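From first to last, the protein sequence lines stand for chains U and W. Just so you know, the working numbering puts the end of the first sequence at 436, numbered straight through with nothing missing. Just so you know, the working numbering puts the end of the second sequence at 872, numbered straight through with nothing missing.
Rather than coming from a laboratory, the hints here were simulated on the basis of the structure. Treat the numbers as computed from the prediction; the structure is a model and nothing was measured. Treat the hints loosely; a few may be bogus.
As the list claims (entries may be wrong) - Straight line, CA to CA, 30 Å or less: simulated DSBU-like cross-link-like pairs of lysine-lysine:
id, chain 1, residue 1, chain 2, residue 2
1, W, Lys852, W, Lys682
2, W, Lys565, U, Lys80
3, U, Lys80, W, Lys444
4, W, Lys565, U, Lys129
5, W, Lys516, U, Lys129
6, W, Lys444, U, Lys129
7, W, Lys516, U, Lys8
8, W, Lys444, U, Lys264
9, U, Lys424, U, Lys364
10, U, Lys246, W, Lys682
11, U, Lys8, W, Lys565
12, W, Lys516, W, Lys491
13, W, Lys800, W, Lys860
14, U, Lys8, W, Lys700
15, U, Lys246, U, Lys364
16, W, Lys444, W, Lys565
There are 2 protein chains.
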Amino acid sequence: MMQGCFMKTIGIGLAGFGTVGAGVYENLERHRELIAERSGYSFAMRRIVVRDLQKQRDVSAPASLFSSRWQDLLEDPEIKIIVELIGGTTEAFDLTMAAIRSGRIVVTGNKALLAERGAEIFALASECKVPVFFEAAVAGGIPIIQSLRDAFVGNRIESVHGILNGTSNYILTRMQEAGLDYPEALAEAVTLGYAEADPTLDINGWDAGHKAIILAALAYGFWVDPTTIRVEGIDRVSAADIHFAKSLGYCIKLLGSIREKNGKVEVGVAPTLIPLGNVLASVNGVFNAVAVRGDLVGDSLFYGRGAGRGPTSTSVIGDLVEAAHVLDAPRGTFGFAPHALYGSSRSSSEIVGSYYLRLSVDDKPGVLALIAGVLGEAGIGISSVVQPESIAGVETPLVLMIHEAAYGAMCAALAKITALGCVKGEPVLFNVETFS
Amino acid sequence: MMQGCFMKTIGIGLAGFGTVGAGVYENLERHRELIAERSGYSFAMRRIVVRDLQKQRDVSAPASLFSSRWQDLLEDPEIKIIVELIGGTTEAFDLTMAAIRSGRIVVTGNKALLAERGAEIFALASECKVPVFFEAAVAGGIPIIQSLRDAFVGNRIESVHGILNGTSNYILTRMQEAGLDYPEALAEAVTLGYAEADPTLDINGWDAGHKAIILAALAYGFWVDPTTIRVEGIDRVSAADIHFAKSLGYCIKLLGSIREKNGKVEVGVAPTLIPLGNVLASVNGVFNAVAVRGDLVGDSLFYGRGAGRGPTSTSVIGDLVEAAHVLDAPRGTFGFAPHALYGSSRSSSEIVGSYYLRLSVDDKPGVLALIAGVLGEAGIGISSVVQPESIAGVETPLVLMIHEAAYGAMCAALAKITALGCVKGEPVLFNVETFS
Numbered sequence: 001m002m003q004g005c006f007m008k009t010i011g012i013g014l015a016g017f018g019t020v021g022a023g024v025y026e027n028l029e030r031h032r033e034l035i036a037e038r039s040g041y042s043f044a045m046r047r048i049v050v051r052d053l054q055k056q057r058d059v060s061a062p063a064s065l066f067s068s069r070w071q072d073l074l075e076d077p078e079i080k081i082i083v084e085l086i087g088g089t090t091e092a093f094d095l096t097m098a099a100i101r102s103g104r105i106v107v108t109g110n111k112a113l114l115a116e117r118g119a120e121i122f123a124l125a126s127e128c129k130v131p132v133f134f135e136a137a138v139a140g141g142i143p144i145i146q147s148l149r150d151a152f153v154g155n156r157i158e159s160v161h162g163i164l165n166g167t168s169n170y171i172l173t174r175m176q177e178a179g180l181d182y183p184e185a186l187a188e189a190v191t192l193g194y195a196e197a198d199p200t201l202d203i204n205g206w207d208a209g210h211k212a213i214i215l216a217a218l219a220y221g222f223w224v225d226p227t228t229i230r231v232e233g234i235d236r237v238s239a240a241d242i243h244f245a246k247s248l249g250y251c252i253k254l255l256g257s258i259r260e261k262n263g264k265v266e267v268g269v270a271p272t273l274i275p276l277g278n279v280l281a282s283v284n285g286v287f288n289a290v291a292v293r294g295d296l297v298g299d300s301l302f303y304g305r306g307a308g309r310g311p312t313s314t315s316v317i318g319d320l321v322e323a324a325h326v327l328d329a330p331r332g333t334f335g336f337a338p339h340a341l342y343g344s345s346r347s348s349s350e351i352v353g354s355y356y357l358r359l360s361v362d363d364k365p366g367v368l369a370l371i372a373g374v375l376g377e378a379g380i381g382i383s384s385v386v387q388p389e390s391i392a393g394v395e396t397p398l399v400l401m402i403h404e405a406a407y408g409a410m411c412a413a414l415a416k417i418t419a420l421g422c423v424k425g426e427p428v429l430f431n432v433e434t435f436s
Numbered sequence: 437m438m439q440g441c442f443m444k445t446i447g448i449g450l451a452g453f454g455t456v457g458a459g460v461y462e463n464l465e466r467h468r469e470l471i472a473e474r475s476g477y478s479f480a481m482r483r484i485v486v487r488d489l490q491k492q493r494d495v496s497a498p499a500s501l502f503s504s505r506w507q508d509l510l511e512d513p514e515i516k517i518i519v520e521l522i523g524g525t526t527e528a529f530d531l532t533m534a535a536i537r538s539g540r541i542v543v544t545g546n547k548a549l550l551a552e553r554g555a556e557i558f559a560l561a562s563e564c565k566v567p568v569f570f571e572a573a574v575a576g577g578i579p580i581i582q583s584l585r586d587a588f589v590g591n592r593i594e595s596v597h598g599i600l601n602g603t604s605n606y607i608l609t610r611m612q613e614a615g616l617d618y619p620e621a622l623a624e625a626v627t628l629g630y631a632e633a634d635p636t637l638d639i640n641g642w643d644a645g646h647k648a649i650i651l652a653a654l655a656y657g658f659w660v661d662p663t664t665i666r667v668e669g670i671d672r673v674s675a676a677d678i679h680f681a682k683s684l685g686y687c688i689k690l691l692g693s694i695r696e697k698n699g700k701v702e703v704g705v706a707p708t709l710i711p712l713g714n715v716l717a718s719v720n721g722v723f724n725a726v727a728v729r730g731d732l733v734g735d736s737l738f739y740g741r742g743a744g745r746g747p748t749s750t751s752v753i754g755d756l757v758e759a760a761h762v763l764d765a766p767r768g769t770f771g772f773a774p775h776a777l778y779g780s781s782r783s784s785s786e787i788v789g790s791y792y793l794r795l796s797v798d799d800k801p802g803v804l805a806l807i808a809g810v811l812g813e814a815g816i817g818i819s820s821v822v823q824p825e826s827i828a829g830v831e832t833p834l835v836l837m838i839h840e841a842a843y844g845a846m847c848a849a850l851a852k853i854t855a856l857g858c859v860k861g862e863p864v865l866f867n868v869e870t871f872s
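This is chain U alone, in the form it adopts within the complex (with noise of 0.2 Å):
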């Protein structure tokens, strides 16, 4: 039964029926009733692009929508939002610039796309006055992208830090709860199907750098370029440095860090000691998580699954009734307003940040010695060392956390402690973050 005052029907065409797409076309029929009543929009599904006709699917959608030509989409003058979640940077973009040009608005999930062109999807957007959404881009179903630019508009944000990458928070979780390595997590994520069979974006980290510079475009008004950032994975995260994180009071999570620090906004992604009391050291199995920190509302943090079919689908749903909506009503602005608050970004290297730093040294008198010369040399303080009994993979370790040392300097302070006799394997670096 319908109380409200209008009801419309739109068409839209999606390009992509994997996991999210199929999703997507299953959700708005299962509660289209539902999302006409909330919204005062139905929407019409009139053409579903695919690479592949002939595959099978786990949702049926009647033949007769399905094209293998993006091309298609623009062709249909009904279609008036384009609903885009074919992945890559290359037909994605080929086909958001055309769909943008065309007056469609596009409704997005690709991270990749808008962290690599996002400054120029936007640039197109804004001078044709035609909107993209993307809150499925980032933590799907956790409403960032939205509390970001519209929730938050009055603050000053002096950082957001995100746990962005389920599967990477799945096996560190793994690790950390049940003692796992990390080939044996990985493996328990892929059985489980909480990792892709190529799991390269998640466990490198640049699913959670993509997300991360989109972030970072919401919080400062710019794109910061993917190039210039710091993005390392998961992949040499060991049970071993978990035990000795764990000892000193943090667990490691792969933290998106994003801040704005003396006029410079600083973006990266790293496996980061948190203190086992932040709520962020909570967020665990698949899970997603975003901490803002505003100037005005403090801090602030929202949890949720972030990525998987229903999630993902609840941020496009959202977006399809926002540009409904924008279809009867254009507004001024087009889902992200470019600013320059906050000039430019900080290189990596620039960076100042703290670290544990754990290394594999001889058990020979002299040797902390030498490596704190090292470090004193280059003004890097340190603030405390530990040396830990010898455990399954690593000998004779040895701890140090450092405070406050810029990254650059640290990578060469590094370089030169590794040149040293003393210094077994390879040492490993992870960020230090205490939220102070």
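With chain U's structure known, arrange chain W on it following the hints.
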């Protein structure tokens, strides 16, 4: 430097210049450039209405802005948006209705007003096609209104659970962490400014009750009658019960519970035992949190300060920007979309829950048999019984955990139990929520 493609100044009026009202004024001034760059709008304060023109205030504004007649807001045709922050349900109601009739968009932080008269207000808003925005009314700074309304528009909301009153949560946290008793913790909250000199609405649960009604309206499309819901405050929570709960693996929080079950909506606020491992159990101090479970999005959580000048003016400013967009491009929805997807609400006596029942009993054999007999006759099953050591204030305690009983039946059985000669003093009945 403005890079956007438009910039507009919007005249606004403000009713109320207390903590929040003064914060809105101050922060609109402080962040004028930021807000303009991020939104394209600049807000010109044209009139501030206060009860007492002589009162000393910690934020200064030009004397010429002040008035003691709210009608002045309506008489200035340049005022397009009215921010209502005077509280109460009489004058605020008159102002809100008059503002809507005059075509002014209303931004309000008044939870009592909406909870008690939301149906009338939104009926008029819909009739006049003038929206009312109210992000500041629930958990200031936490964008839960926008998220339930827009981001989760495609979800069937299964439940919403919230820690919605910072004062109560501060008191309970101090009782839990420092072992304070209720009067001590309350006194501390008053001293620190976390509780009003008259904290009645915080302590008796109605501040949270009003917020729960608003969240229920967004989740389920209709306004539950406040006189029909069960609202209990924290004044009966003792150090002893916090201690007993802890030993059973729970903490006690003042929890607002909103859920749909078998086609009916259940709303209530009561002291509730929450498993210590649940994420809501770690929401401490003055912080608020709202956990939303949707059929697509799964479990999500929003966390933040929830009150105070900065957080609440964050919400008001977000609403002002949304209102400005609507002024430029009117939508077909007016801040709240009534619908009848979920039917009606369930009366509190019929709501089935789990309970913590703590009695003081005579230290004699046969007492438990008598109590269990009364519960058994009422068809109420006991899931566990613990007889902890006596502690200060509670002699010979007996704790019964009760699984799945209608609240009305539970209260009736409790009256019979209290009338047994063997029970001393007031029994304590709290909810238990395991979020299963």
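Can the restraint linking Lys516(W) and Lys491(W) be considered satisfied, given a maximum Cα separation of 30 Å? holds, 27 Å
Distance restraint between Lys444(W) and Lys565(W), which requires alpha-carbon spacing of 30 Å or less: Holds, because 22 Å separates the two Cα atoms, which is no more than 30 Å.
Taking only the CA atoms, is the gap from Lys565(W) to Lys80(U) under or equal to 30 Å? Holds - the C-alpha atoms of Lys80(U) and Lys565(W) are around 25 Å apart, at most 30 Å.
Hey, Lys516(W) versus Lys8(U), does the alpha-carbon distance stay inside 30 Å? holds, 28 Å
Between Lys424(U) and Lys364(U), does the CA-CA distance stay at or below 30 Å? Given pair Lys424(U), Lys364(U) holds - Cα atoms ~13 Å apart, limit 30 Å.
Checking one constraint from the list: CA of Lys246(U) to CA of Lys682(W), max 30 Å. Satisfied? Holds - the C-alpha atoms of Lys682(W) and Lys246(U) are around 25 Å apart, at most 30 Å.
Given hint Lys129(U) paired with Lys565(W) - CA-CA distance at most 30 Å: holds, 26 Å
Restraint status (C-alpha distance of Lys444(W) to Lys264(U) at most 30 Å): holds, 28 Å
Compare the distance between the alpha carbons of Lys80(U) and Lys444(W) with 30 Å, and conclude whether the hinted pair is satisfied. holds, 28 Å
Decide if the proposed pair is consistent with the structure: Lys800(W) and Lys860(W), CA atoms, cutoff 30 Å inclusive. holds, 13 Å
Going straight from one Cα to the other, do Lys8(U) and Lys700(W) come out at no more than 30 Å? Measuring from Cα to Cα gives roughly 28 Å; hence the hint holds.
Mind checking the alpha carbons of Lys852(W) and Lys682(W) for me, to see if they're no more than 30 Å apart? Given that 30 Å is the threshold and the Cα spacing comes to 28 Å, the pair holds.
Hint check: no violations occur; every hint is consistent with the structure.
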